[in-house]
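A.B. asks: Just so you know, the sequences run in chain order A and B. The opening position of the first sequence corresponds to residue 1 in our numbering, with each subsequent residue numbered one higher. The opening position of the second sequence corresponds to residue 1 in our numbering, with each subsequent residue numbered one higher.
No lab work stands behind these hints: they were computed from the structure. Some clues are possibly wrong.
With a Cα cut of at most 30 Å, we get these calculated DSS-like pairs of lysine-lysine [as the list claims (entries may be wrong)]:
1) B:Lys217 x B:Lys98
2) B:Lys168 x B:Lys217
3) B:Lys450 x B:Lys168
4) B:Lys217 x A:Lys38
5) A:Lys280 x A:Lys173
6) A:Lys38 x B:Lys22
7) B:Lys441 x B:Lys40
8) A:Lys298 x A:Lys9
9) A:Lys270 x A:Lys284
10) B:Lys450 x A:Lys106
11) B:Lys402 x A:Lys104
12) A:Lys38 x B:Lys322
13) A:Lys9 x B:Lys40
14) B:Lys16 x A:Lys106
15) A:Lys38 x B:Lys40
16) A:Lys104 x B:Lys450
17) A:Lys9 x B:Lys22
18) A:Lys38 x B:Lys168
19) A:Lys38 x B:Lys352
20) B:Lys450 x B:Lys16
Which bits of chain B does chain A cover? Going by a derived footprint, with three or more residues having C-beta under 8 Å, they are [stated by the list, open to error]:
21) 20 to 26
22) 132 to 140
23) 301 to 312
24) 399 to 405
Every residue, glycine too, gets a C-beta built ideally from N, C-alpha and C.
These are the residues of each chain, in order.
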Amino acid sequence: MQHRIDIKKYGPRGEAMAEAIQSCVHCGFCLAACPTYKVLGEEMDSPRGRIYLMKEVLEENLTVEEAQPYLDRCLGCIGCMPACPSGVRYDELIVSYRAFSEPKRKRSLMDNMARRMIAETLPYPNRFRAAVASGKVGKLFKGAMPEKLGAMMGLVPADLPEDKPLPPIYPAKGRRRARVALLSGCVQTVLNPDINWATVRVLSENGVETVIPQEQGCCGSIMMHIGEEERAKKLARQNLQVFVPDEVDAIITNAAGCGSGMKEYGLLFKGLSEEAEAEKFAEKVQDISVFLDSLGLKPPAELREPLTVVYQDACHLLHAQGIRSAPRNLLSSIPGLTLLELGDDGLCCGSAGTYNIEQPEIAHQLGQRKVQHVLNTGAQAVVSGNIGCLTQIQSHLANRGVSLPLYHTIELLDWAYRRKAQT
Amino acid sequence: MDHQPFFAALQRIYPKERLLTKGVQLLAYESDALTSFQTKPSAVVIPESQDEVIETVRLCHQFGVPYVARGSGTSLSGGSLPIENGIVIALNRLNRIKKLDPEQRIAVVEPGVVNLQISQAADRYNLYYAPDPSSQSVCTIGGNVAFNSGGAHCLKYGMTSNHILGLKVVLADGEVVEFGSESLEGVGVGPDLIGLFVGSEGLFGVALEITVRLLPKPELYRTVLAAYNDLETAGNAVAMVVASGLLPGAMEIMDRLSIKAAESAVDAGYPENAAALLIVELEGESEQVETEFEEIMDVIKESGSYEIRVAKDAEQRLRIWKGRKGAFSSVGRLSPDYVVQDGVVPRSHLGKALAEIDRLSQEYGLDVANVFHAGDGNLHPLILFNGREEGALEHAEELAGKILKMCVELGGSITGEHGVGMEKRNYMPAMFSEVDLETMKTIRRQVDPKEISNPGKMFPGGEAPALKMTGMHPLEAKGIISRE
Chain A
1 MQHRIDIKKY GPRGEAMAEA IQSCVHCGFC LAACPTYKVL GEEMDSPRGR IYLMKEVLEE
61 NLTVEEAQPY LDRCLGCIGC MPACPSGVRY DELIVSYRAF SEPKRKRSLM DNMARRMIAE
121 TLPYPNRFRA AVASGKVGKL FKGAMPEKLG AMMGLVPADL PEDKPLPPIY PAKGRRRARV
181 ALLSGCVQTV LNPDINWATV RVLSENGVET VIPQEQGCCG SIMMHIGEEE RAKKLARQNL
241 QVFVPDEVDA IITNAAGCGS GMKEYGLLFK GLSEEAEAEK FAEKVQDISV FLDSLGLKPP
301 AELREPLTVV YQDACHLLHA QGIRSAPRNL LSSIPGLTLL ELGDDGLCCG SAGTYNIEQP
361 EIAHQLGQRK VQHVLNTGAQ AVVSGNIGCL TQIQSHLANR GVSLPLYHTI ELLDWAYRRK
421 AQT
Chain B
1 MDHQPFFAAL QRIYPKERLL TKGVQLLAYE SDALTSFQTK PSAVVIPESQ DEVIETVRLC
61 HQFGVPYVAR GSGTSLSGGS LPIENGIVIA LNRLNRIKKL DPEQRIAVVE PGVVNLQISQ
121 AADRYNLYYA PDPSSQSVCT IGGNVAFNSG GAHCLKYGMT SNHILGLKVV LADGEVVEFG
181 SESLEGVGVG PDLIGLFVGS EGLFGVALEI TVRLLPKPEL YRTVLAAYND LETAGNAVAM
241 VVASGLLPGA MEIMDRLSIK AAESAVDAGY PENAAALLIV ELEGESEQVE TEFEEIMDVI
301 KESGSYEIRV AKDAEQRLRI WKGRKGAFSS VGRLSPDYVV QDGVVPRSHL GKALAEIDRL
361 SQEYGLDVAN VFHAGDGNLH PLILFNGREE GALEHAEELA GKILKMCVEL GGSITGEHGV
421 GMEKRNYMPA MFSEVDLETM KTIRRQVDPK EISNPGKMFP GGEAPALKMT GMHPLEAKGI
481 ISRE
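Take the sequences, apply the hints, and build the full model.
C.D. replies: Below, the structure is given as structure tokens:
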């Protein structure tokens, strides 16, 4: 598609944005893969429409404010990318555009407050934990609070599990086959610290030593996702300092969004002094499922009871990182486990980082849709590789009055190994 | 034109979230899949019922406001380009499958239903909707009807018009009519009005309900890839298959550039370094397909192919087709801009036509990628250019024009399935005499006296008359035509 963007105006990311726009041929193949287009059926709320609007803003035919409602509604699920024959880098475009537009837009006082609260809380486990404690109080006043804060409080669980800090090193069992570093994450460690523990145990079972840099923090993906570029850089810099890519075989994450975000560190620091270092870091990033699948899994034991589960693809695994078979291979290797498919073409569940806070209505519709597909399969449990999806699905199952157990892929593997240890 | 009373009337039909008038909203609708044309409409309406469409068309007729009905906006000829000072009727929410009768093997659908969704809904009865435009995962059936869309498998089964049994239509003057019926023989009596409406590019009105024929899903597919060292030999292979008396479900050719583009988009498993690739697919009842498969392999082996591959399973077959069906868009990876053409030549002239395209490509210094429905002689040369260079688009369009004229001279047509739309309207006189064109316009005006239904498309001659002038049409003034 032709454009008249003055690339120089937009700094190091101008080129990435212009290139993505130029490679779009406006064919519309992305429409079917876009969750918001499915819900709203309007051109402005499709990937092609958004690319067009971004082009118009960058060409200065349209103001940031005018286009904003439609760009805000993009989940960033990247479902459009595998559907795109022209290979448009929508991921680079939307992240760069949000970084460009965020400082230029006007937000209401309430909006700013809520956003600041998210930015100052979610990435920091201690603060998040404390906020949740006050959130319990907040729930009582939910009706009286602004919509976004209300949505945020609605997602917070009634009770938080106890904090279980990880050691600096978790040794390998038997002969050491590899050495990795683990991103322990932010929100997930608060909501479900067992996922990290399951990860290090499964790695250990498979002869992998895990280093957990104690000074690490949030990877910054959520901030990248919402256009808070400077905050994202600040968080990422911290991790660039404490992780040493050369000393490990991989930097492991068990959260889909973190993995895809850290793989974009190179873009985040494009044109800056850290660019090379960031690229090096990004190259080492692997999702736990991919790492284990390519390492070759030690056979897990049979489950005590047969279990039928449905696997839900996290957008940031399937669409953003193209990870489809690895988690399925791992799950299928557990004897006694039957794996079902959702059959919804991997359409986003509506969680999408802070989306269910920012766009509660669409997030709700997508959540309901996802849960309907889950229920249609008749599975006994839901498995996913991302805490955000699990939380979203859980809350929508609860809305329907259904209680199904939800697991991270690694938790089921951990179970199977622990079962083996018992026999 | 004073649109105020018209808009006031629209506001009575549509709540504000379904009547789009903000600049940003209108911009998103200013192009379809042919982005070299852009026109911002005055408004976009999003009806949710047939009655809303009917009322809208009647208002447009009453106030003389032009409109275009639009589905997913995948037209490659600018067919769904908005009209200046006109409105867009976006039919995406008119997307119900109203009836699916496996015994009669028919479905009754609204125009906003996506082509592939019909087959998905019919799948549990082991039926499907045969016409398969490459954009079938997104394009809507209303657009398929308007443009008589084809697809790879139309070689065996025919274009959209062969699969439409009945239509409910709101004509441009607001009259609601029904053509055909659910019966397979229903079109046998009287003039073929369905045939007239299908492919009329929206010039008669808007389809509200479409009765389509469903076919039993083929029991077996056999998909063969054959690689050639030059395009002409591949073209001749098609003629050999046709001469053998076999009728495959599809016969497609891709050249080096389009193979490269498709391979980089999808790991389609095409043989590397081929100058041309022939895709032949047999489909139908198992026994027959197996017999034909042996015959066709003999033909292909003798056709000069240096490598033959056969899809091993359903997944490989789908990958082959994914590469082929995404080929146009994946050319976006090779070049920032391209013009797609859609000319048709008699199959016996394929080799000659391809050689001439190659010669023109060199003469103009522009790369041309070829990917086409070889079985029915429907060429799709993609002319690559860089629109940032001064005059590049005009240069590419000039080459496109030469290719189209060649098609007509060889006894073919300027369009096989994409339609005339905006893009090829100036080439109509190459195919039709002035009398022919005037006859078409006369028929159109019988249905759309004010020329408000998708004006400006199909016929040569700049903007639509309805937009530029008031009072009598020039031909009317000269006494050549008259209206009641």
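A.B. asks: Take the hints in turn and mark each one as holding or not.
C.D. replies: Hint check results:
For a cut-off of 30 Å, the pair hint linking B:Lys217 to B:Lys98 stands: about 21 Å separates their Cα positions. Of the pairs offered as hints, the one joining B:Lys168 and B:Lys217 holds, with about 27 Å between alpha carbons and a cut-off of 30 Å not exceeded. For the suggested pair B:Lys450 and B:Lys168, the alpha carbons sit about 21 Å apart, so the restraint of at most 30 Å is met. This hinted pair checks out: B:Lys217 and A:Lys38 have alpha carbons roughly 27 Å apart, not beyond 30 Å.
Of the supplied pair hints, the one linking A:Lys280 and A:Lys173 holds, its CA atoms being roughly 29 Å apart against a limit of 30 Å. Distance hint between A:Lys38 and B:Lys22 is fulfilled; the C-alpha atoms sit about 22 Å from each other, no more than 30 Å. Between B:Lys441 and B:Lys40 the alpha-carbon distance is near 26 Å, which keeps this suggested pair within the 30 Å criterion. For the hint pairing A:Lys298 with A:Lys9, the CA-to-CA distance comes to about 53 Å; that exceeds 30 Å, so the pair is violated.
Distance restraint check for A:Lys270 and A:Lys284: the Cα-Cα separation of roughly 18 Å lies within the 30 Å cut-off, and the hinted pair is therefore satisfied. Only pairs whose Cα atoms come within 30 Å are accepted, and B:Lys450 paired with A:Lys106 is rejected, the gap being roughly 46 Å. Among the hinted pairs, B:Lys402 with A:Lys104 is inconsistent with the structure: their alpha-carbon atoms are about 49 Å apart, more than 30 Å. Proposed proximity of A:Lys38 and B:Lys322 is supported: the alpha carbons are some 22 Å apart, at most 30 Å.
For the hint linking A:Lys9 to B:Lys40, the alpha-carbon distance of about 27 Å falls within 30 Å, and the restraint holds. A hinted pair counts as satisfied when its Cα atoms are at most 30 Å apart, and B:Lys16 with A:Lys106 qualifies at roughly 24 Å. The straight-line distance between the Cα atoms of A:Lys38 and B:Lys40 is roughly 24 Å, inside the 30 Å bound, and the hint therefore holds. Between the alpha carbons of A:Lys104 and B:Lys450 the distance comes to roughly 47 Å, so the proposed pair goes past 30 Å and is violated.
For a cut-off of 30 Å, the pair hint linking A:Lys9 to B:Lys22 stands: about 27 Å separates their Cα positions. A C-alpha spacing of about 26 Å is found between A:Lys38 and B:Lys168, which places the hinted pair at or below 30 Å, so the restraint holds. Annotation: proposed proximity of A:Lys38 to B:Lys352 is violated, straight-line Cα distance about 45 Å (limit 30 Å). Between B:Lys450 and B:Lys16, the direct Cα distance comes to roughly 28 Å. Compliance with the 30 Å bound is thereby established for this hinted pair.
A count of 5 residues in the region 20 to 26 of chain B with a Cβ less than 8 Å from any Cβ of chain A is obtained; the coverage claim is therefore met, three being the minimum. Counting residues of the region 132 to 140 of chain B whose CB lies closer than 8 Å to any CB of chain A gives 4, which reaches the minimum of 3, so the coverage claim holds. A count of 0 residues in the region 301 to 312 of chain B with a Cβ less than 8 Å from any Cβ of chain A is obtained; the coverage claim is therefore unmet, three being the minimum. Note: the region 399 to 405 of chain B has 0 residues with beta-carbon separation from chain A under 8 Å; the three-residue rule is not met and the coverage is violated.
Checked against the numbered hints above, the structure breaks hints 8, 10, 11, 16, 19, 23 and 24 and satisfies the rest.
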